[in-house]
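If you read the sequences in order, they're chains A and B.
Residue numbering for the first sequence is 1 to 195, as defined by our numbering.
Residue numbering for the second sequence is 1 to 165, as defined by our numbering.
Hints may be right or wrong, so weigh each one.
[To be verified] Here are the simulated lysine to any residue pairs, SDA-like style, with alpha carbons at most 25 Å apart: (1) A:K43 - B:I158; (2) A:K35 - B:L113; (3) A:K41 - A:E178.
[To be verified] Simulated coverage check for chain A against chain B, where a stretch passes if three residues somewhere in it have a Cβ under 8 Å from a Cβ of chain B: (4) 15-23; (5) 61-68; (6) 106-116; (7) 140-152; (8) 177-186.
Just so you know, the hints here were simulated from the structure itself, not pulled from any lab data.
Predicted model, so just to flag it, every value in this text is computed and none were measured.
By construction, the Cβ of each residue, glycine as well, lies at the ideal position given by its N, Cα and C atoms.
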Amino acid sequence: MSFINFSSREINCKIVYYGPGLCGKTTNLQQIYGKTAADRKGKLISLATETERTLFFDFLPLSLGDIKGFNVRFHLYTVPGQVFYAASRKLILKGVDGIVFTADSQMERMDANMESLDDMRLNLAAQGYNPENIPMTVQYNKRDLPGAAPLVEMNRLLNPGGLTWYQAVATDGVGVFETLKDIVRKVLAEVRNSY
Amino acid sequence: MPFADFVLYEDEYGKVEAEIGNLCREARITTAAVIDKNGQIIAVAGETGRMDATSLASLAAGDVAAANGMAALIGETEFSVFFHEGQRDCIYMSLLAGRFILIAIFDKKVTSLGMVRLKANKATETLAAVLTAASSKSEAGHDTGGEALFAGITTEDIDRLFGQA
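Bound-form chain A, shown alone (with noise of 0.2 Å):
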């Protein structure tokens, strides 16, 4: 749910990065918090165990700068992973703009990835969304690791719908930027037709 500010003029969007535990979902937040100018971010929370995984949701507002005098703004969350926060993924996905749905290549994940993906479809139906008509991109992370799985793959088992995808290795920074920029083209694409 985009909410658009006339009197600030800001457009403010939601993106969430979805995934099995561990695939590197909090790491590419940490990445655009990193590499993304000061002026242009806010503060990364992140509502994590002591052990740093995820508990709740991590947290990154970005500012991208303007469009047709509106300042666009996006809110970049994560869920958490685990398995059992089942009912946190479920609130984290309230008015979501555009998912990034982060695949770990580890050829023994490949299951994980796929109960997560059937886990956020559900997820996306119990909120009322139809998971078609959701913006969404998919990331290959881990691609440096030797037991990846081949893309063709991963493709056949999490992206049968010809989704847009990109290789990453998100704890070098590799395809962060590039998956970021594609669901933040799709989601202004629908704002675009919506407006």
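For this one, chain A is given, so just place chain B on it according to the hints.
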């Protein structure tokens, strides 16, 4: 169904800002804000300099969402009032017109929870009326003078955003 996109025009924004400004003065609140349940700030009044309002709005929305997740588990429809007490400052929150949240931050040496709640309840009636009207206006269509407001956004405009970031 999820909430539709929300558009806030200057008229309604001015009314919301004026009402929460009154609330700050009458209840001697440090800062008052109206946000939506998704964590977007609608308006802020009072002292804002020492506070990161964007982060506060995101966390408050998460707090309310988590509490109402618990409400559902115990068979309640929702909780409508929330209160956090610190050593000096406190946060009072209440639901507003179904999709918004009123936040009041106050120093307990300056005012009391009872006073804040009393004045917040009064403000809630006015704010709910304004925000309900704003929601209806937003859902009815976007008054952009007959022009598609963002139709002219080009791929280059979007690419430029990242050039600036």
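Between the alpha carbons of K43 (chain A) and I158 (chain B), is the straight-line distance 25 Å or under? Satisfied, since the Cα-Cα distance of roughly 23 Å is no more than 25 Å.
Given that the segment 177-186 of chain A was listed as covered by chain B, double-check it with a C-beta distance under 8 Å for 3 or more residues. holds (count 4)
Count the residues of the segment 61-68 of chain A whose CB lies closer than 8 Å to any CB of chain B, then report whether that count reaches three. holds (count 6)
8 Å C-beta test of the segment 15-23 of chain A against chain B, three or more residues: violated (count 0)
Within 8 Å of chain B (C-beta), three or more residues of the segment 140-152 of chain A: violated (count 0)
With a cut-off of 25 Å on the C-alpha distance, tell me whether K35 (chain A) and L113 (chain B) pass. Roughly 43 Å between the alpha carbons, so the hint for K35 (chain A) and L113 (chain B) is violated.
Take the C-alpha atoms of K41 (chain A) and E178 (chain A), compute the straight-line distance between them, and say whether it is at most 25 Å. Holds, at about 18 Å.
Please check whether the segment 106-116 of chain A has three or more residues whose CB lies within less than 8 Å of a CB on chain B. Result for this restraint: violated, n = 0.
The structure does not agree with the numbered hints 2, 4, 6 and 7 stated previously, though it agrees with the rest.
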